[in-house]
Structure formats: C-alpha cells, structure tokens
Amino acid sequence: MEWEVVIGLETHAQLQTKTKIFSGASTAFGSEPNTQACEVSIALPGVLPVLNKEAVNCAIKFGLAVNAEITPRSVFARKNYFYPDLPKGYQISQYELPVVGKGAVTIQVPAVGKNAAYEKVVNITRAHLEEDAGKSVHGAVEGMSGIDLNRAGTPLLEIVTEPDMRSAAEAVAYAKKLHELVQWIGICDGNMQEGSFRCDVNVSVRPKGTEKLGTRREIKNLNSFKFMQQAIEFETRWQIETLEDGGKIQQATVLFNPDTGETRAMRSKEEANDYRYFPDPDLLPLEITEADKARVRALMPELPEAMKARFESEYGLTSYDAATLTASRDVANYFVDAVNAGADAKPAANWVMGAISAKLNVEEKSITESPLNAAQLASLLKRIADNTISNNAAKQVFEAMWAGEGEVDTIIEAKGLKQVSDTGAIEAIIDEVLAANAAMVEEFKAGKEKAFNALVGQAMKASKGKANPAQVNEMLKKKLGA
Amino acid sequence: MALSIEDIKKIAHLARIEVSEGEAAATLTKLTGILGLIEQMQAVNTEGIVPMSHSQDVVQRLREDVVTKTNQREAFQKIAPALGNGSTERAVDCGLYLVPKVIE
Chain P
1 MEWEVVIGLE THAQLQTKTK IFSGASTAFG SEPNTQACEV SIALPGVLPV LNKEAVNCAI
61 KFGLAVNAEI TPRSVFARKN YFYPDLPKGY QISQYELPVV GKGAVTIQVP AVGKNAAYEK
121 VVNITRAHLE EDAGKSVHGA VEGMSGIDLN RAGTPLLEIV TEPDMRSAAE AVAYAKKLHE
181 LVQWIGICDG NMQEGSFRCD VNVSVRPKGT EKLGTRREIK NLNSFKFMQQ AIEFETRWQI
241 ETLEDGGKIQ QATVLFNPDT GETRAMRSKE EANDYRYFPD PDLLPLEITE ADKARVRALM
301 PELPEAMKAR FESEYGLTSY DAATLTASRD VANYFVDAVN AGADAKPAAN WVMGAISAKL
361 NVEEKSITES PLNAAQLASL LKRIADNTIS NNAAKQVFEA MWAGEGEVDT IIEAKGLKQV
421 SDTGAIEAII DEVLAANAAM VEEFKAGKEK AFNALVGQAM KASKGKANPA QVNEMLKKKL
481 GA
Chain H
1 MALSIEDIKK IAHLARIEVS EGEAAATLTK LTGILGLIEQ MQAVNTEGIV PMSHSQDVVQ
61 RLREDVVTKT NQREAFQKIA PALGNGSTER AVDCGLYLVP KVIE
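Listed in order, the protein sequences are those of chains P and H. Under the working numbering, the final residue of the first sequence carries the number 482; numbering is consecutive throughout. Under the working numbering, the final residue of the second sequence carries the number 104; numbering is consecutive throughout.
Derived from the structure by calculation, the hints contain no laboratory data. The C-beta atom is built at its ideal place from N, Cα and C for all residues, glycine as well. Heads up, a few of these hints could be off.
Below, computed lysine-lysine pairings styled on PhoX-like, alpha-carbon distance capped at 25 Å [claimed, not checked]:
1. P:K79 with H:K9
2. P:K450 with P:K478
3. P:K88 with H:K69
4. P:K176 with P:K226
5. H:K69 with P:K18
6. P:K120 with P:K308
7. H:K10 with P:K88
8. P:K88 with H:K9
9. H:K69 with P:K53
Here are some chain H residues pointing at chain P (derived, C-beta under 8 Å) [said to hold, decoys possible]:
10. S20
11. S53
12. R63
13. V66
14. K78
15. L96
16. Y97
In isolation and in its complexed conformation, chain P is listed as follows (with noise of 0.2 Å):
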C-alpha cells in the first residue's frame, strides 16, 4: 500500500521584549538563576499580571506578515497542568480567541534528487500569546530538581498550521521560511540553540488517496532543522511499519534522540490532555483596533512577498530566483548591495544562490560571515561582464577571492587568466586545431553536429582556457561555413 504521511507544526517563537509578557522583569538570556524571577514569574500570591504592550506590537506584526485575521477581542485563559517549573499551576495562554486568526505562507521547497522545486502555500490556523514556563535543573543538588524561573514569563507567541505538509521537506522548508520570517519582521531572534525557536511537529499517516487523518504522535522540541528532517522521516517509517504489522498508532507525545536517529514515545497523552482551559479572570479582553494595526504596519520592514515582487519587476529575476533571494533578509540585501555596486543582477542572483550559498554551505557560514561581500562580488562579476575573464577562469578567481588572496584585478594578473579575446590569436589557433583534427573537420562536414563541439573543446584547450569561447564559437562556423 502506498502511504501519505500528514505534518503539522506548533513553533515557539520567544518575542523580542525587553521584559516578560505580565511582568517588568527583564528578559534577558543566560543571567544567574532567579534574578529575573519577580513576584509575578515566581507567582506570590495576590500578583496581578498586566500585559506587555511590545508582546502586543509582536503579535499584530506576525499577524500582518502572515496575511491574517487579527481578532479585534482576544481572550486569555488559563492552562492548568501541574509541573513545578510553573509555581502558579496554570500558564496563561489563549485558547477560544487567539490573538491572531487564520492567515498563511508561501514556501518553496527545494529539489530533492529527480523531484524539481515547487512552491506552496501553508495555512496558518492561529497565533496566540503566553508565557513561558521556568526551567528544571537537574544534579545540581543530590536527590533534588532546582528551579530556575527566570525564563517564566517569558512572551512566547505560538504558531499553528493547518496538517498542509506532505513531507519532511515540506515541513522542514516551513520551518525554515517561519524561522526566517520572525526575524525578518523583528519579532524573534530566531536562535535554536538558546530556545527561542522550537518547533512541535505533529505527524500521522494515512493510505494515499484517502481523507480520514491518522491518529498523529507529536514530536517535541526540535531544534534544529537537521533534527526535524531525520525525526520526521524516522517517525514516519515507524508509523507505517507499525501499521503493516497490524498494530495501531497510539496518540503520544515523543522526543527525538538525536544520537541514535529515533523518537521514543515520552508519554501517553490520554493521562494528561485535560488542561481545564478558562479565561483568566485577572485579565480583561485584549483589544486591537483598525489604528493599532496602521501604527504597527508603519513600522514593518518590506515583507519578502512585496520584496519578491519587487526583484521580479525591478531585475526582471524568475519568481523562483527571487523567492529564493527573498529566503532570507541577509540574503536579499547582499543580492541588492551586489546590483548597487554595479553586478548586472541575472549573474548576481545565480552566483549569490549558486557558488556563493555552496561555499557558505559548506563552511556553514551565513552569508552576512562571508569572506566575499557584496562590492568584491560585482567588481568579479563586471570582469565577467567586460569579458576580461571568461566564466571557467571566473570560478578560479572566485575560489582565489574567497581565499582572502587579493582583489579581483591583483588575482586576474597574478595568475594570468586574462581571456584571449584579440581575433588575430584566436584564428591562429583555430587554424592550428584544424590542422591537427583533420577526421573530426570531415566528420562535421558528413552532418556530425558533435564534431563541431569537441572541436571548440580542442580550440579552448589549446588556448589553455583562455580564449573567448563565444568568438571560438564564432569564428570556428566561419572557417567550417556552417
């Protein structure tokens, strides 16, 4: 049976606030364990909380970014669960009115082996605001847990799609726009490691062709993009395994061991799903309104969509060219500070997405850590341009450049790559190749068309690379009459 695996994410984005979501502590990372533990996050009794106005900014934001519904009276409610890094026994949340409505993204998911690229659109079904809970530490002291609350409190604002996915690429490509997005617009600063992105993917399987939704596990806290792609597609095999053995999918949350590759299930969810959900009445209704959203869109950076547009009508790029450029912020200005230093932007937008992003690749640099920037990238590609080097000698340059070994003129020189584009060197020696390649010259004039190729191959090596292909082309018909 062929089987269709169903993916759907929860993402924790934390929110760029000075301070928590209910409380004037800061927020700041990594400082001693409870100095930022006042008496709402490490909840004294008779502690009001009362809402952080940025926490709001944060949430019309996203909302704006994702095309969204953005509810005009939200409501915040209580989580209950017991846990002992959450003192007050409940997290405030949203549940029957979140914060943000329905709304949606756009991905391109990358080309794997013989399926090309395609684009697709992921709905949103909510955003909503809370906090964060404290941290258990455990070890520090024998038979004990410690508790850390300076991270309670902490503004979180909570992603939901739609089940849209069709495949761990298609979550991971998700993940990646949602996590380029929430930096893009300011709201979250994107670092995994810290915890200020993490992502639950809930995954199911079902028979291809059919419309009933499996029973799904949930895949916690991801956080990094490697990790989701290899538990997605671990879980995935386990599902349907399980199901051609006979057996039955149990809804469970389970963690992902990253040394072994495998999800493991954490707990049955049936023993825990009663949150008993109430709006918290220390809270009134949040209220946003049509000027609200006008003051916050005043402040928005232009959105990768509007950009797109933009590098398609401005540079005449493809839309596939320009949402990938648009991937990411740091990438587009790069792009644009290449074209403003004077690279025609075609050759920018291939070298940028093509050499450049595999060397960063490899290094596992970002691009704004780049040992070629912007300015050096358009001087290498105006050689290309003016036909001082040819696109073969390009690459040797380009790899020289990265090396740190000079500018671009100072390497051209030091290695003499310099194209041959003077007519009289050329028809040398291209006379010289005819000479020497007597059968193929008659293979051509027989009607063999890949003669023809091979002998610009000998003309090109015999200019050591340099010469002009395209007046090698040029003349090599003439001599031949074709």
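Let chain P serve as the given structure and place chain H on it in line with the hints.
Same frame as chain P, but now just chain H:
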C-alpha cells in the same frame, strides 16, 4: 453527565491530590451535584448571546516594555523551603528553588 469513581481518581491524579476510597465516594457525590447545577444552566437558551469573557465590560490596559523589577532573589528565597531529605538547607547557594526530584 454521570461521573464514575474512576473519573474522580483520574482527576485527583491529574491534580496530584491523594484521595482515599472514602473521600473518593464523598467527592463523587459533591461533584455530581455541581455537574447537575451546570446541566440546569445549560438548559437555558443562550442562542445569539456572545460569551462573556470578563464580568466588566472594559479592555486590557497595556504596560510599556520597560524593566521595572529589580533582583529580589535573596528576599524571595528567605521564604522558600528546601524540602526533601529532611534538610533545612536554603536554596540560595545555587540560586535555585529546590523541589523533590522530578524526572519525566
């Protein structure tokens, strides 16, 4: 809605409350009474009435995003008991509040 003694035990477990057999039976009677009251309320026709999320018809006041709380750890931890092992040791040394070991 009829509750069973098993429901009572499950709720008690979720709330981490120890309930004896006798207490469970008594609690069952009380909770059934409360549910009866709710059933009575649910019988009222609320068609077209917007659910009220708060008893006052006002909206949330917002706070500026400015740090106003200073570090009061020492004061707060004076009243924090470090339970377990019969120890009276305070948690201040490592800066953590201590609770009996929790392992999921």
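Going straight from one Cα to the other, do P:K450 and P:K478 come out at no more than 25 Å? 17 Å, holds
Is the shortest C-beta separation between H:K78 and chain P less than 8 Å? This interface hint is violated because 12 Å lies over the 8 Å limit.
Would the hint on H:L96 stand, with a C-beta cut-off of 8 Å toward chain P? Since chain P brings a Cβ to about 3 Å from H:L96, closer than 8 Å, the hint holds.
With 8 Å as the cut and Cβ atoms as the points, is H:S20 at the interface with chain P? Violated, because the Cβ-Cβ distance from H:S20 to chain P comes to roughly 20 Å (cut-off 8 Å).
Given hint H:K69 paired with P:K88 - CA-CA distance at most 25 Å: 19 Å, holds
Hint consistency between P:K88 and H:K9 [alpha-carbon to alpha-carbon, up to 25 Å]: 23 Å, holds
So, as I understand it, the hint says H:S53 touches chain P; can you test that by seeing if any CB pair is closer than 8 Å? 4 Å, holds
What's the verdict on H:K69 and P:K53, does the C-alpha distance respect the 25 Å limit or exceed it? 16 Å, holds
Below or equal to 25 Å on CA atoms is what counts here, so check H:K10 against P:K88. 21 Å, holds
Would the hint linking P:K176 and P:K226 be met if the CA-CA limit is 25 Å? Between P:K176 and P:K226 the Cα gap is close to 11 Å, so the pair holds against 25 Å.
Are P:K120 and P:K308 close enough, with their CA atoms no more than 25 Å apart? 15 Å, holds
Hinted pair P:K79 and H:K9, Cα distance within 25 Å: 21 Å, holds
Of the numbered hints given earlier, the model fails hints 10 and 14; all others are met.
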